[in-house]
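There are 2 protein chains.
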Amino acid sequence: MKIIKGDKVIYKFVNEMKHIDRVSPKEKFLVETNDCFFQQVQDENMVLSELDYDCLNPATGPIFVEGCQAGDILKVKIHDIEVEDKGVTMTFPGEGVLGDQATKSKVRVLPIEDGQAIFNGIKIPIVPMIGVIGVAPNKEDGEWPTATPWKHGGNMDTTDIKAGSTLYFPVHQDGALLALGDCHAAMGDGEICFTGLEIPAKVTLEVDIIKNKTIKWPLVETKDATMVIASGDDVDQAIYEASSQGVKHLKDGLNFEWEDAYMLASLVMDLKISQVVDPKMTVRAAIPKDILSTEDLIMGIK
Amino acid sequence: MKIIKGDKVIYKFVNEMKHIDRVSPKEKFLVETNDCFFQQVQDENMVLSELDYDCLNPATGPIFVEGCQAGDILKVKIHDIEVEDKGVTMTFPGEGVLGDQATKSKVRVLPIEDGQAIFNGIKIPIVPMIGVIGVAPNKEDGEWPTATPWKHGGNMDTTDIKAGSTLYFPVHQDGALLALGDCHAAMGDGEICFTGLEIPAKVTLEVDIIKNKTIKWPLVETKDATMVIASGDDVDQAIYEASSQGVKHLKDGLNFEWEDAYMLASLVMDLKISQVVDPKMTVRAAIPKDILSTEDLIMGIK
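Here the protein sequences come in this chain order: D and U.
Be aware that the first sequence starts at 1, since it is given in the numbering used here, and climbs by one per residue.
Be aware that the second sequence starts at 1001, since it is given in the numbering used here, and climbs by one per residue.
Think of the hints as simulated: they come from the structure by calculation, not from any bench.
Values in this document were obtained by computation on a predicted structure and should not be read as measured data.
Treat the hints with care, as some may be off.
Stated by the list, open to error - DSS-like, lysine-lysine: derived pairs with alpha carbons at most 27 Å apart:
{"id": "1", "chain 1": "U", "residue 1": "K1251", "chain 2": "U", "residue 2": "K1302"}
{"id": "2", "chain 1": "U", "residue 1": "K1002", "chain 2": "U", "residue 2": "K1012"}
{"id": "3", "chain 1": "U", "residue 1": "K1289", "chain 2": "D", "residue 2": "K223"}
{"id": "4", "chain 1": "D", "residue 1": "K223", "chain 2": "U", "residue 2": "K1251"}
{"id": "5", "chain 1": "U", "residue 1": "K1251", "chain 2": "D", "residue 2": "K104"}
{"id": "6", "chain 1": "U", "residue 1": "K1302", "chain 2": "D", "residue 2": "K123"}
{"id": "7", "chain 1": "U", "residue 1": "K1302", "chain 2": "U", "residue 2": "K1123"}
Based on the sequences and whatever the hints tell you, model everything.
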C-alpha cells in the first residue's frame, strides 16, 4: 500500500496547487497526518507564546487523483484512522464558546490506553476523526487557510468524518488535489473550547470518482445517513445553507414538490452541530438512508 | 390510573396558576394532550386563514404535585406517549428556516400505520415526543406563552422528550404546576419548516421530587446522557447557555477545575439542535452518563 508521508503539507487550499503524489481510483493508500500544532506541544508546561503560529493546521498533500476532473465529485472512503498513544488539548482566555469565562491558559497531554484517553482519572472512549480534509476550491472562491471550513471542505471538524464514513467533494481542478490533517482522537459536537484531542494519525483512504455531477457543499455518508456539511459566518447561516441543500436533495432525489420536501425534511432531517469555534461555523443536515439512499440522492442531483 | 382530560388547558405559563388536578410523587397518571392546532386542521384543503389563532399550543394542566415546593426540582418520567392514527404538518411562506423559499401554503394530513407515517408513499418511522411541557416560571421571569421555550420548559420541541426519558424542572411555585401538550409523532432536530407531525396523544407520566436543589434550565435524561436544554434569541445564545451550564455540571459533579471541565466538555459533550423556529431557539448540551452519571450530576449541584 502506498504511504504518503506527513512532511509535505499545505496551510491553505487554493485552486492551483502542486501535487506531491498521485493515487488511482479504488487504490487503498495511507496518509500520515500531523496534529494541528505540528507536534509542537508535547508538555503540559509548554509556554504557548513560544508556539510557531505559522505552523498550525498542516494538511498532508495535495494528492492528485488520476482521472478526476473539474465538474466531477470525488468520493473518499475512510477505512481506518490509527492514532498515536497520547493527545493534546488546551484552552486560552477568550477562546471558544465560553472564552469570556476562561481566566487562564491550560494545556493537557492525555495518555491513550486500550482505546480510552485518561483525563484526571476519567476514561474517555476515543473515536478518531479527521478535522481538516478538502480539495482545491473553486477559483472564484479564492484562497482558504486550512483552519477554515468552506465549500471545498477544510477544517469542518465534524465527528462523523471517521472510519467507515465516505466523503463527497465538488471537484474544481484536475486531480481534485486532496489534502488532510488535524485528526482528533475525541471531540464533542461543537468542540466548544476550540480544541479536540489533537493527535498525529495514519489514515487509510480509498478514492473514487463520480463523473459529471456536482454538489455545492461536501457530503459525508455514515451507516445511517447522508449529511450535507455547510458552513457560515454564524450558526444560523450554516443552518440555512445545510437545510437548503438538504431539502433540495430530498426534492430531487424523491421527485417531491418543494413544499413537500420542506415538510418531509422537518419530520426526518436532523440538523447537527459540527463545530462553533473555527473562523466559520459548521452544521450538518442528516438525510436518513431509509428515506433516501445515498445512491438515489447522488443520482437525483440536477 | 388517574386520567387528566384534555379539555382544561392553558396558553401561557405564569407563576400563579389555578391547578385543575393533583397527583402524588411515584403515582403513574395519564394526561390527554391536544395537537398544537387544538385539532382544528383535519383536512388538507383547510383554509388556513380560518384557523382560530387564539387556540394554538394548548397545554393540558396545570397539575399540582403534592409535596413539591419552590426551590425543589420536579422529576417527570415519561413512561409512554400513545398517538392517534393520523398527524398534520404544514408550511407557510415566510415560516421556518427556508421561509424565503416557500412560495405557497400547504397542509398534509398523514396516516399512521404500523408505527410509520406515510408521506407520498415514503414511510417515516414514528418516534412520539412532547413539544410543550413545563412548570410555573419564576415570578421575576414574567409570563410565557406556551409557544415559547424558556427556563420553565414550555415549547422546547426536543426530540429526546420521548418515552423512556426523564425531565428535571426548576420549581418556583407550590405544586410545581405541570402542563403539557403539542405532541409530535415525528420531528427532525431543528423542526425546520416550523411544524412536526402534530398529533393528539395520551401521555403516561410519573413524577418525583428532589428536595432543595435547583437548576437554571431544564434537563432531560436519556438512556445515555443528561442534557441541559437551553434557549436564546438565536442559536448562538442558546449554545452559550447550554455550554455554560454543561461545563458547570461537569466541574461540580467531577470536582474538576473550571478549565479542565471546559476542555473535558470540548472532548465529550455534544451540542445538539432542538429547534430553530419557535420565538426562541433551543439547543441541548449532552453529558454522557459514562463520564458523569445523572445521579452524581444532581448530587453535585451547588
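Here is what the structure says about each hint:
With a CA separation close to 10 Å, the supplied pair K1251(U) and K1302(U) stays within the 27 Å bound. With a CA separation close to 24 Å, the supplied pair K1002(U) and K1012(U) stays within the 27 Å bound. Among the hinted pairs, K1289(U) with K223(D) is consistent with the structure: their alpha-carbon atoms are about 24 Å apart, no more than 27 Å. Of the supplied pair hints, the one linking K223(D) and K1251(U) is violated, its CA atoms being roughly 34 Å apart against a limit of 27 Å.
A C-alpha spacing of about 16 Å is found between K1251(U) and K104(D), which places the hinted pair at or below 27 Å, so the restraint holds. A C-alpha spacing of about 24 Å is found between K1302(U) and K123(D), which places the hinted pair at or below 27 Å, so the restraint holds. Simply put, K1302(U) and K1123(U) have alpha-carbon atoms about 47 Å apart, too far for the 27 Å limit, and the pair is violated.
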